[in-house]
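Trainee: Heads up, the sequence shown is in my numbering, so the first residue is 1 and it goes up one at a time.
For the record, the hints were derived by calculation from the structure and aren't laboratory data. Note that the structure is a prediction, hence the values are computed from the model and not measured. Every residue, glycine too, gets a C-beta built ideally from N, C-alpha and C. Misleading hints may appear alongside valid ones.
As the list claims (entries may be wrong) - Now the in silico label distances, taken between C-beta atoms and shown as ranges:
(1) T270 - I342: 49 to 55 Å
(2) L247 - V118: 26 to 32 Å
(3) S358 - G229: 52 to 58 Å
(4) I416 - T355: 52 to 58 Å
(5) G230 - F108: 34 to 40 Å
(6) T321 - I134: 29 to 35 Å
(7) G229 - Q332: 17 to 23 Å
(8) K281 - S429: 36 to 42 Å
(9) I232 - Y319: 21 to 27 Å
(10) K187 - N425: 50 to 56 Å
(11) Y386 - K128: 48 to 54 Å
(12) L396 - G331: 47 to 53 Å
(13) R224 - P350: 16 to 22 Å
(14) P384 - K323: 15 to 21 Å
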Amino acid sequence: MMRLTGLVLTVLFYTSVAAQENSPYSRYGFGDLSPNHNIITRGMGGIAAGYSDFQSINFINPASYGNLGYVEPSVVKTNPNYQRSTIFEFGAEIDSRTLNSTVPLTKFTSNNLSMSYVQLGFPIKMKKANRKGIFLGADFGLKPVSKINYKIARFERLSGIDSLATFYEGNGGLNEVAGGLGIRIKKLSLGFNAGYAFGNKDYSTKLTFLNDTVHYYSSNTSNRTNYGGGFINAGLQYEIILKSKALIRLGAYGNLKQTLKGSQDIMVQTVRTDANGTDSKIDSVFQSNVKGDIVRPASYTIGFTYRDSAAHWSFGADYETTKWQDYSFYGQPGQVTNNWKIRAGVEYFPASYNTPVSKYFNFVHYRIGFNYGPDYIKVNNNLPEYGFTFGAGFPLKLRRGYFETQSSMLNTAIEIGSRGDNKSNLRESTVRICVGLSLGDLWFRRYKYD
Numbered sequence: 001m002m003r004l005t006g007l008v009l010t011v012l013f014y015t016s017v018a019a020q021e022n023s024p025y026s027r028y029g030f031g032d033l034s035p036n037h038n039i040i041t042r043g044m045g046g047i048a049a050g051y052s053d054f055q056s057i058n059f060i061n062p063a064s065y066g067n068l069g070y071v072e073p074s075v076v077k078t079n080p081n082y083q084r085s086t087i088f089e090f091g092a093e094i095d096s097r098t099l100n101s102t103v104p105l106t107k108f109t110s111n112n113l114s115m116s117y118v119q120l121g122f123p124i125k126m127k128k129a130n131r132k133g134i135f136l137g138a139d140f141g142l143k144p145v146s147k148i149n150y151k152i153a154r155f156e157r158l159s160g161i162d163s164l165a166t167f168y169e170g171n172g173g174l175n176e177v178a179g180g181l182g183i184r185i186k187k188l189s190l191g192f193n194a195g196y197a198f199g200n201k202d203y204s205t206k207l208t209f210l211n212d213t214v215h216y217y218s219s220n221t222s223n224r225t226n227y228g229g230g231f232i233n234a235g236l237q238y239e240i241i242l243k244s245k246a247l248i249r250l251g252a253y254g255n256l257k258q259t260l261k262g263s264q265d266i267m268v269q270t271v272r273t274d275a276n277g278t279d280s281k282i283d284s285v286f287q288s289n290v291k292g293d294i295v296r297p298a299s300y301t302i303g304f305t306y307r308d309s310a311a312h313w314s315f316g317a318d319y320e321t322t323k324w325q326d327y328s329f330y331g332q333p334g335q336v337t338n339n340w341k342i343r344a345g346v347e348y349f350p351a352s353y354n355t356p357v358s359k360y361f362n363f364v365h366y367r368i369g370f371n372y373g374p375d376y377i378k379v380n381n382n383l384p385e386y387g388f389t390f391g392a393g394f395p396l397k398l399r400r401g402y403f404e405t406q407s408s409m410l411n412t413a414i415e416i417g418s419r420g421d422n423k424s425n426l427r428e429s430t431v432r433i434c435v436g437l438s439l440g441d442l443w444f445r446r447y448k449y450d
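Please model the entire structure based on the sequences and the hints provided.
Mentor: Right under this line is the structure:
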């Protein structure tokens with residue numbers, strides 16, 4: 001048996017005007033999981049279980065949709081025609097990723113601009129039900145779930161044989177398009193999302209022997225898989241009003257294990273490379289439309305938010321667990337492991353009801369948070385992962401009175417994270433700058449004029 005006497009792993013980066021992410025860890029599982037929460041909650045560490053706000057859409061926990069239409073009982077009695085806004089939200093982010101390798105000592109950076117989500121949420125007006133404390137809301141949207149982008153070169157020195165170079169390249173990702181419905185019955189809210197998850201995973205491997213005089217045969221393998229399937233997830237929230245008039249909202253959401261259907265095209269080529277570097281195809285084998293299953297694991301999250309009686313301070317925390325050991329791709333388990341994550345965050349809003357609109361920065365929402373937990377990818381060892389977040393929400397117009405339902409916000413968040421350590425020989429540092437636009441207005445209301 002040939003003895004492996006040397007091994008060097010090199011990560012290749014390429015940058016251009018429209019540079020792409022390049023993460024070796026995205027080779028495994030579904031790839032890099034996108035932090036696809038609302039940018040408001042991303043500024044608070046990514047909490048979502050107990051978060052609800054009629055000025056934004058928490059599309060992670062669909063129970064919150066019921067609050068899109070919620071109106072205080074006193075307002076329902078005095079103004080039964082009062083209606084909350086329809087909200088359109090769009091988010092985007094710039095991702096700057098730096099990889100540090102200890103053996104060999106190298107450092108690479110790549111940048112990427114991508115969409116975070118597009119969502120439309122609206123209340124469903126039901127006058128009789130509203131008088132009984134029942135409110136309904138809905139949401140439709142699109143968001144990425146994961147991304148795959150990597151280029152890797154691996155060089156091996158084998159005993160008695162020339163060097164061997166293996167080149168790995170891949171791209172793809174998973175996305176979701178969904179609609180959801182939420183209902184609030186007094187203090188209890190329930191909701192669900194139903195939709196279609198779709199994506200692709202393209203990867204290729206090129207194996208080449210390195211020799212200046214002898215011309216070896218090399219092999220190229222390419223694999224393209226398209227997959228998709230329906231999904232459903234659900235959530236609940238429950239409000240508790242304390243004697244101090246402060247509010248605690250408990251929440252939970254999750255999804256069961258799901259199976260996506262895949263179609264795969266595989267090509268294997270044998271190639272001879274001459275001294276000038278020119279490839280000549282010797283043979284090829286092609287398989288088309290190979291059917292298979294991709295198993296997406298179950299995931300569950302519980303958490304809470306607290307808001308003081310003056311609505312100046314709010315904070316919350318989530319605990320999430322995912323059974324990634326149920327994951328499989330065409331029957332192969334992949335290098336993944338069960339994981340958990342803790343998220344926590346705080347928001348401060350200085351303004352009171354009688355604060356004059358001239359004091360603009362009193363109406364800005366200030367946010368901070370963190371998250372921590374092992375990554376779901378396991379390469380030799382568990383990969384520690386943590387992040388710190390900062391955010392702010394800037395109102396685009398300040399008005400009182402009847403048109404207070406026309407609420408539009410520019411939300412921002414900065415996420416600073418790290419994955420891996422010296423034990424894994426590869427530490428990945430990430431800085432994301434996120435911007436979200438939330439436009440609220442009475443889109444579906446007919447106005448009457450005297």
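Trainee: Now look at each hint and say whether the structure bears it out.
Mentor: The hints, checked one at a time:
Our hint of 49 to 55 Å for T270 and I342 holds, since their Cβ atoms are close to 50 Å apart. The hinted window of 26 to 32 Å between L247 and V118 holds, with their beta carbons roughly 30 Å apart. For S358 paired with G229, a C-beta distance near 53 Å keeps the hint of 52 to 58 Å intact. Checked against the hint of 52 to 58 Å, the C-beta distance between I416 and T355 comes to roughly 32 Å, which is inconsistent with it.
As the Cβ distance of G230 to F108 is approximately 39 Å, the hint placing it in 34 to 40 Å holds. Between T321 and I134 the beta carbon distance is about 32 Å. The supplied range of 29 to 35 Å therefore holds. A C-beta distance of roughly 18 Å is found between G229 and Q332, which places it inside the suggested range of 17 to 23 Å. A beta carbon spacing of about 41 Å between K281 and S429 agrees with the range 36 to 42 Å that was offered as a hint.
The supplied range of 21 to 27 Å is met by I232 and Y319, whose beta-carbon atoms lie about 22 Å from each other. In this structure, K187 and N425 meet the distance hint of 50 to 56 Å, their C-beta atoms being roughly 51 Å apart. Our hint of 48 to 54 Å for Y386 and K128 holds, since their Cβ atoms are close to 49 Å apart. At roughly 51 Å, the beta carbons of L396 and G331 sit within the given window of 47 to 53 Å.
Checked against the hint of 16 to 22 Å, the C-beta distance between R224 and P350 comes to roughly 53 Å, which is inconsistent with it. The beta-carbon spacing between P384 and K323, approximately 20 Å, falls within the hinted interval of 15 to 21 Å.
Figure legend: structure checked against the earlier numbered hints; hints not met, in rising order: 4 and 13.
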